[in-house]
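Enquirer: Each chain is listed here by its residues.
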Amino acid sequence: MNRRPTLDSIRPCLEGAVPAAVATCDAQGIPNVTLVSQVHYVDPGHVALSFQFFNKTRENILANPQATVFLLHPQSSARYRLALLYRRTETSGPLFESMKAKLAGIASNAGMSEVFRLQGADIYQVLAVDYVPGAEVPVSQEGACHIARLRQLSERLATCAELAGLLEQCLQGLAAQLNMPQAMILLLDPTAEKLYTVASHGYAQSGVGSEFPVGRGIIGMAAQCRTPIRIAHLASEYAYRRVIHEHLAAADGSALETEIAFPGLDEPHSQLSVPILAGARLLGVLHVESAQPHRFGYDEEDALMLLAAQLGASILALQQLAEDTPEPVEEGAAPLVPPGPPLQVRYYPVNSSLFVDDDYLIKGVAGAIFWRLLNLYQQGRREFSNRELRLDPTLRLPELDDNLEARLILLQRRLAERSTDIELHKCGRGRLRLQLNRAVVLQQVEAG
Amino acid sequence: MLDAEQIDFIQSGVSIAVASRDVRLVPSVSKAVGCRVAADGRQVTLLLDAGQSQQLLRDVAECGELAVVFCRPSSHRTLQLKGHDACLVELAPGDVERASVHVQAFAEDLLPLGYAEPFARATHGFCTEQLCALRFTLSDLFDQTPGPRAGQRLEPQA
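As they're listed, the protein sequences go chains A and B.
One gets my numbering by counting positions in the first sequence from 1 and adding 35 to each.
One gets my numbering by counting positions in the second sequence from 1 and adding 5 to each.
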């Protein structure tokens, strides 16, 4: 008996790059054959086909669950047959959303966005995979060995002792080790069903502080379903601006940061979002994109899921470390008040937004924290610990479940990007130092 | 019967996938590398590589049932034909040449979609010594161009 290929070994055939032929048969013995754009890999023993219309294939599998699929390898043209048995249909959830997004990319590429619409993911057990001999072309072997690259990146992350460094090393490593130069990390704001950008790589504007709704677009669906979502072609219904706009227009849309533009390519032809989890808890999303179609496949998806798993565990550990074991405060002599006209800082408690000389800086939790720091600064304080901010009654931070360290990184980045007069630096684990190069005048503006 | 335009379409180097089934109604599927239609517009002959289509040929010999889908990748236009009397027949003179022309025409349709020619040709590669012919009489014709109307039965021309 010939050794059969495994489903795992033919995953490139399941990228939707080349249509597959699906044969079924009705109860009277009349065969039917159709071409499908997507045979989706579910696990080593299952695939899913997209159910878009109630057609003959669907009628047949409900009467006779046997199906046979003819697949072509998208680079070598190697041929395979799958012997399938229909098991069930899913109409929501991670697999459904993942297939829906992928289909949107395929449909958009085919000029059929209005035609293709996923109604269900039909799940089939794979009974056999057979190789069919025939003409093939050699496949270039230049593809990166992900497992080796991932190990290098993993070792890089393991040396990071604080969160900002971890995020930076992760994004630099994605560019250097995995050749994914456009990437961003968004963390969950658990109180508001939104994600905020805490770090990015490969964009003219970092977009740090910008926000994205949970449950919308690729990034939001990856967060909501805690599943990787991947698109191989530009799909307008998943464009970032459109998604954000639709969210804001929706009646239930909670307020999003709109002053800071979301980073991201104008025309991302490939996108991959993976959830960052720590145990059962969602911490955020790691998102990569490329101007080139079909840039990310199943292997890249696996690599990013592993990376995100390490990221999740490390984020949680470093967050805890920063709050549990702050280094002691060493207050030096207060510096002289710097010369020059004072900076006007305005604070609006209604949404915790903060303006420096009429320029928008930040709002929300990070805005409230910064306002508190400025007030303490006016009282002579220069250094602050994460722990005192966590416990500060005026801030009313959630006891748990809010990544304070990430909020501080976000604040630091915004200050570094927006002002040369205000500097916020780390000065040891779980500690910050605020430095003002000009005097400030603080003004709190109540809603009126 | 097929009209002249439909005959042109299915003979023009489109992608061809063929299906049958065994006695237990388990489907079989393979690719064809060419097609010709008799002057009556009803007798359709498909050219296949027997080495790639063993189960399908066994099933056709057993039951005579056959479904075949023709699709042009560049336009997505798709037609499905069915027949109940499919059987293996002798190759006709010029069939190898017909298959070669088909493979080249298919590759040319694929090139603008971004596929390299060697790949496009390999997808319909066949071994000359293994080329065989399956003939059937058209019983049913369906439009299967993607969309909500896919699967609609087309009225046979009088």
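It is worth saying that the hints were derived from the structure and are not from the lab.
In this text the structure is predicted, and so the values were computed from the model without any measurement.
Just so you know, even glycine gets a beta-carbon here, dropped at the ideal spot from N, CA and C.
Warning: the hint list may mix true and false statements.
To be verified - A few chain B positions that, by computed beta-carbon distances, are all more than 12 Å from chain A:
(1) F14
(2) A24
(3) P98
(4) D100
(5) V106
(6) G130
(7) R140
Unchecked claim - Here are the simulated distance ranges between beta carbons:
(8) B:C92 x A:Q63: 35 to 41 Å
(9) A:N214 x B:R47: 21 to 27 Å
(10) A:R277 x B:Q109: 39 to 45 Å
(11) A:E94 x B:V28: 20 to 26 Å
(12) B:E122 x A:E203: 41 to 47 Å
(13) B:E122 x A:E281: 51 to 57 Å
(14) B:E122 x A:E94: 37 to 43 Å
Enquirer: Looking back at the hints listed earlier, which ones does the structure fail to meet?
Expert: The structure breaks hints 2, 6, 8, 9 and 13; every other hint is satisfied.
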